[in-house]
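Start from the sequences, fold in the hints, and give me the full structure.
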Amino acid sequence: MATAALRSQVAAKWHEGFSRLNRTEQGISGLISFSQAWNIATDYLHPQDISDPTTVKKHDLTSVKVAFDMINRSRRLPVMLETFLDAICNQYHLITRDIVQYLAEYEQSADTSVMLRLVYRLVEWYRAWAPIDELGPTIRAAYTLTFQTQLFSILPPGFVRGFKDLCASTLVPVAQHTPEMWEAFEILGLTDRYEGIIASVGYERIEAYVRETCTAKWDKPCLEGLRGWMSVQIVPWMLPMYAKGALNTEDARGMLQNVGSRFDFHMNKTLCDLRTSEIFDIIIDFPDSMGALQDLKECLQRVDQRASLVQALRKANRKRLLHPGADTKLILTQYVATIKCLRIVDPPGVLLFKVADPIRRYLRERPDTIRSIVANLVGDDDSGDSLVDENEPIQPLQQLETEDYNDPNWDPEPIDAGPDFRTNKPSDVISTLVSIYDSKDLFVKELQVLLAQRLLAITDDNSEKVEKERRNIEILKIRFGEAALQVCEVMLKDMTDSKRIDGHVQSQKASIVHPTIISRHFWPSLESSDIVMPGQFQALQTEYAKEFSTFKPDKKLRWLPHLGTVHLELQLEDRTIETDVPPLEAAFIELFSEKNIWTMDELIGGVGTVDRIAALKALLTWVDLGVLKEDEENKFRLLEIAEEASPPPRAAPAAVEEPTVTAAQQQQADQMRLYWKFIEGMLTNLGALPLDRIQTMLRFAPGYDQTVEQLAGFMDAARREGLVVGRDGMWKLNR
Amino acid sequence: MEQLTTSLAPPRANPKPSVTNSSQQVAGSVAKRLTNELMTLMMSSSPGISAFPKSDGNLFEWVGTIEGPAETIYAGLTFRISISFPANYPYVAPAIKYDTPCFHPNVDINSGAICLDILQDKWSAVYSVQTILLSLQSLLGEPNNASPLNTDAAAIWDTPDAFKTQLMKYYRPVKDTA
Numbered sequence: 001m002a003t004a005a006l007r008s009q010v011a012a013k014w015h016e017g018f019s020r021l022n023r024t025e026q027g028i029s030g031l032i033s034f035s036q037a038w039n040i041a042t043d044y045l046h047p048q049d050i051s052d053p054t055t056v057k058k059h060d061l062t063s064v065k066v067a068f069d070m071i072n073r074s075r076r077l078p079v080m081l082e083t084f085l086d087a088i089c090n091q092y093h094l095i096t097r098d099i100v101q102y103l104a105e106y107e108q109s110a111d112t113s114v115m116l117r118l119v120y121r122l123v124e125w126y127r128a129w130a131p132i133d134e135l136g137p138t139i140r141a142a143y144t145l146t147f148q149t150q151l152f153s154i155l156p157p158g159f160v161r162g163f164k165d166l167c168a169s170t171l172v173p174v175a176q177h178t179p180e181m182w183e184a185f186e187i188l189g190l191t192d193r194y195e196g197i198i199a200s201v202g203y204e205r206i207e208a209y210v211r212e213t214c215t216a217k218w219d220k221p222c223l224e225g226l227r228g229w230m231s232v233q234i235v236p237w238m239l240p241m242y243a244k245g246a247l248n249t250e251d252a253r254g255m256l257q258n259v260g261s262r263f264d265f266h267m268n269k270t271l272c273d274l275r276t277s278e279i280f281d282i283i284i285d286f287p288d289s290m291g292a293l294q295d296l297k298e299c300l301q302r303v304d305q306r307a308s309l310v311q312a313l314r315k316a317n318r319k320r321l322l323h324p325g326a327d328t329k330l331i332l333t334q335y336v337a338t339i340k341c342l343r344i345v346d347p348p349g350v351l352l353f354k355v356a357d358p359i360r361r362y363l364r365e366r367p368d369t370i371r372s373i374v375a376n377l378v379g380d381d382d383s384g385d386s387l388v389d390e391n392e393p394i395q396p397l398q399q400l401e402t403e404d405y406n407d408p409n410w411d412p413e414p415i416d417a418g419p420d421f422r423t424n425k426p427s428d429v430i431s432t433l434v435s436i437y438d439s440k441d442l443f444v445k446e447l448q449v450l451l452a453q454r455l456l457a458i459t460d461d462n463s464e465k466v467e468k469e470r471r472n473i474e475i476l477k478i479r480f481g482e483a484a485l486q487v488c489e490v491m492l493k494d495m496t497d498s499k500r501i502d503g504h505v506q507s508q509k510a511s512i513v514h515p516t517i518i519s520r521h522f523w524p525s526l527e528s529s530d531i532v533m534p535g536q537f538q539a540l541q542t543e544y545a546k547e548f549s550t551f552k553p554d555k556k557l558r559w560l561p562h563l564g565t566v567h568l569e570l571q572l573e574d575r576t577i578e579t580d581v582p583p584l585e586a587a588f589i590e591l592f593s594e595k596n597i598w599t600m601d602e603l604i605g606g607v608g609t610v611d612r613i614a615a616l617k618a619l620l621t622w623v624d625l626g627v628l629k630e631d632e633e634n635k636f637r638l639l640e641i642a643e644e645a646s647p648p649p650r651a652a653p654a655a656v657e658e659p660t661v662t663a664a665q666q667q668q669a670d671q672m673r674l675y676w677k678f679i680e681g682m683l684t685n686l687g688a689l690p691l692d693r694i695q696t697m698l699r700f701a702p703g704y705d706q707t708v709e710q711l712a713g714f715m716d717a718a719r720r721e722g723l724v725v726g727r728d729g730m731w732k733l734n735r
Numbered sequence: 001m002e003q004l005t006t007s008l009a010p011p012r013a014n015p016k017p018s019v020t021n022s023s024q025q026v027a028g029s030v031a032k033r034l035t036n037e038l039m040t041l042m043m044s045s046s047p048g049i050s051a052f053p054k055s056d057g058n059l060f061e062w063v064g065t066i067e068g069p070a071e072t073i074y075a076g077l078t079f080r081i082s083i084s085f086p087a088n089y090p091y092v093a094p095a096i097k098y099d100t101p102c103f104h105p106n107v108d109i110n111s112g113a114i115c116l117d118i119l120q121d122k123w124s125a126v127y128s129v130q131t132i133l134l135s136l137q138s139l140l141g142e143p144n145n146a147s148p149l150n151t152d153a154a155a156i157w158d159t160p161d162a163f164k165t166q167l168m169k170y171y172r173p174v175k176d177t178a
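Chains as they are written, first to last, in full-length UniProt numbering: chain A, 1 to 735; chain B, 1 to 178.
Covered stretches of chain B (in silico footprint by chain A; criterion: 3 or more residues with CB under 8 Å from a CB of chain A, positions within the stretch not fixed):
| no. | region |
| --- | --- |
| 1 | 41-48 |
| 2 | 63-75 |
Taking lysine to any residue and the SDA-like style, the derived pairs with C-alpha atoms no more than 25 Å apart in a straight line are:
| no. | chain 1 | residue 1 | chain 2 | residue 2 |
| --- | --- | --- | --- | --- |
| 3 | A | K546 | A | W523 |
| 4 | A | K732 | B | V174 |
| 5 | B | K175 | A | R719 |
| 6 | A | K677 | B | G76 |
| 7 | A | K468 | A | D494 |
| 8 | A | K732 | B | M43 |
| 9 | A | K732 | B | L59 |
| 10 | A | K468 | A | H514 |
| 11 | A | K677 | B | K32 |
| 12 | B | K54 | A | G726 |
| 13 | B | K32 | A | Y704 |
| 14 | A | K677 | B | S45 |
| 15 | A | K493 | A | F548 |
| 16 | B | K175 | A | M715 |
| 17 | B | K97 | A | F700 |
| 18 | B | K54 | A | R693 |
| 19 | B | K54 | A | R727 |
| 20 | A | K732 | B | A75 |
| 21 | A | K677 | B | F60 |
| 22 | B | K32 | B | W123 |
| 23 | A | K546 | A | Q506 |
| 24 | A | K164 | A | Y126 |
| 25 | A | K732 | B | S45 |
| 26 | A | K329 | A | A316 |
If you want a taste of the chain A side facing chain B, the calculated C-beta under 7 Å gives, among others:
| no. | residue |
| --- | --- |
| 27 | K677 |
| 28 | F678 |
| 29 | G681 |
| 30 | M682 |
| 31 | T684 |
| 32 | N685 |
| 33 | T696 |
| 34 | M697 |
| 35 | R699 |
| 36 | F700 |
Honestly, the hints are just simulated from the structure, not real lab data. Where is the CB? At the ideal position from N, CA and C, for every residue including glycine.
What follows is the structure, given as structure tokens:
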């Protein structure tokens, strides 16, 4: 039930609309002409199927223009546009069909030219459907937006892959069709939408190139070369995309700056990652890997990968270095190389500190670390590569200093330094090695042991070696200080004094014995032996000792016969044998001058007490020389006349070649043996005791310094030996 | 040999009887001597004799162990003794008694007191725990029947079977708990 007001309003609207469409024409002729114009326009704009030529109609552009003009005048253009865009959506299945077809072809052939054709085809569609320019940029923009939105909504995932391949294919080598292709991308809006993918193509190319050219090439820095490659290969590729519309190089440079630095960063990061993964081997190769280290240093300034470098190196060390299979010397060498390498990469030493910590802790647990370091300090002849650089100036051991804030060159600690970070500014490797341990006393002690070994090994023929040792000690004095090496000094003096004393004694009464006279208190404890030299050796010794005591009445010689060597000339019935042998061998053969057949036990009894294995070894030396023969088990006969067919040599028992000087470890074992006496004593008299009681009672033992844990370990070892039994926490002797 | 000489040599402390040193110094030098003796005893491997301080706090009270010498009537038996050092040791002999009942002509079966000349009038500062223990061990096999403390034992010493019976009647094996 319409009211009169409503009616009049509707009538007014209708009239207004009518007059707009009809304009001022007569009757409805305006209306008719408008509808004709509408038809022409929509027909012109209707998205055609370009793959079907029959449907393509030719339009009279003039009439089309007139028609558009009329629509515009009737202010019906927005409606027109809407209709047009709807039509595009409706017709888009045509494009979808094409895309699916092309992609299927691409899937099969994997040929990027198919992708390129697809792109060009899409551009064709875009052009075919585009409205004429006369309609103004607004309509054009609306069209482009709709076209692209539709396009992106229907592009299947496979397209992205293909697109990436296509981009990549243009990179090596820079293809000729590049500019048109980028233009096509631009038209379709692919550049903006897939910017990430295009960039990733660049990144991947950089990564691949870095890996390909820099992997395991450490001798020269790669970074410069890579930068050059970037500017030759990557930049031209980037130009059409990132510097489109650049009028001159200046312009282009400005446009590329942002993306360029991103690519450069990526290159740095890739190289950094690569070097990080190789760091362990780079260190092994040092100093041939100098270039790689310089690269790494430069990269680390650009990319913050310090933490991952530390992590990677620590992991590699744990896996490849700090395990029982690695020789201590090797670990030390690698540690020193690590020090040198990381000093190049990071001069303040934060990285080094973080990496070195586990190595140092591990080395501290190794029993022979000190020995290895000291051996290196004195420059063992047999090992060619020394840890210490010959050219490195010798300087006193550096104590860790507190920060000197008055130093004008003082730098604050780097930000990633941990709380317990300590710079060891001096680049002295030895100081660093010695600082693995808390005190240098251990080194000095081991040094004495080593020096003793080396001095005792010196025979008359190469006495200039004493001079060499003296030189070593003088050098070490600079490091460790005069006082610490006083004992070594005495040892060296003993050597020269021995020569002098020997000279004097010989002048009084010539003797073939040339002893080295050492001061017991200053030498490390020497392995004692109970060998008593028989026969003429005994006589020679006594004679010499007598002469010595007239020369030095307040001193007494105590012989350590097992440390010497004897030059022997054996005169047998049919032959003479000349040889240098250890004293035990000489002692045995001396016994054979008394009678021809000896049993093992008689022989051992004849020279005091010796270990059976050592005795057998000594006897087998003679058997090998064809002087003795073992007729039956443990019965030896002197072969006055050589026997032709000697029996196959009996395999010498694997006697461990023990060092003549008891190493620090051996001394500790001796110490434990002393403690065992005390434990035995207390358990005998006091019965079963708990562990802590034993620990407190052991304070009667001189120099007892073991912890309860160590004692527990020791008691456990004694239990395994069957010496004690432990029950309910009480230990008692096993009897 | 070296060690033996140190323990046999009189200690550095001044042997003058008029003690002018403070008692603490004396105690210190005695403790040092006892520590040395302990060390010597531990390192010497005399079979069948041993001694050790009772507790870590008191160096003057020791427990000793003597095994009966082989081929004597005491063979296979183990005796525990207690040794108590006087403050002026070694100028005065330590007081020693058997804790394990010992049926022996020169040992009191009840108190464990020992009649041995070197522990009384024949004592000398050159003796040590080790020498005392060795003397006690040999005393087991060769009692001095001339001055018996246990007359019963002295009476039947010459009849080993009877002696052994009596010995085993009194003997209590050493227990392992202190």
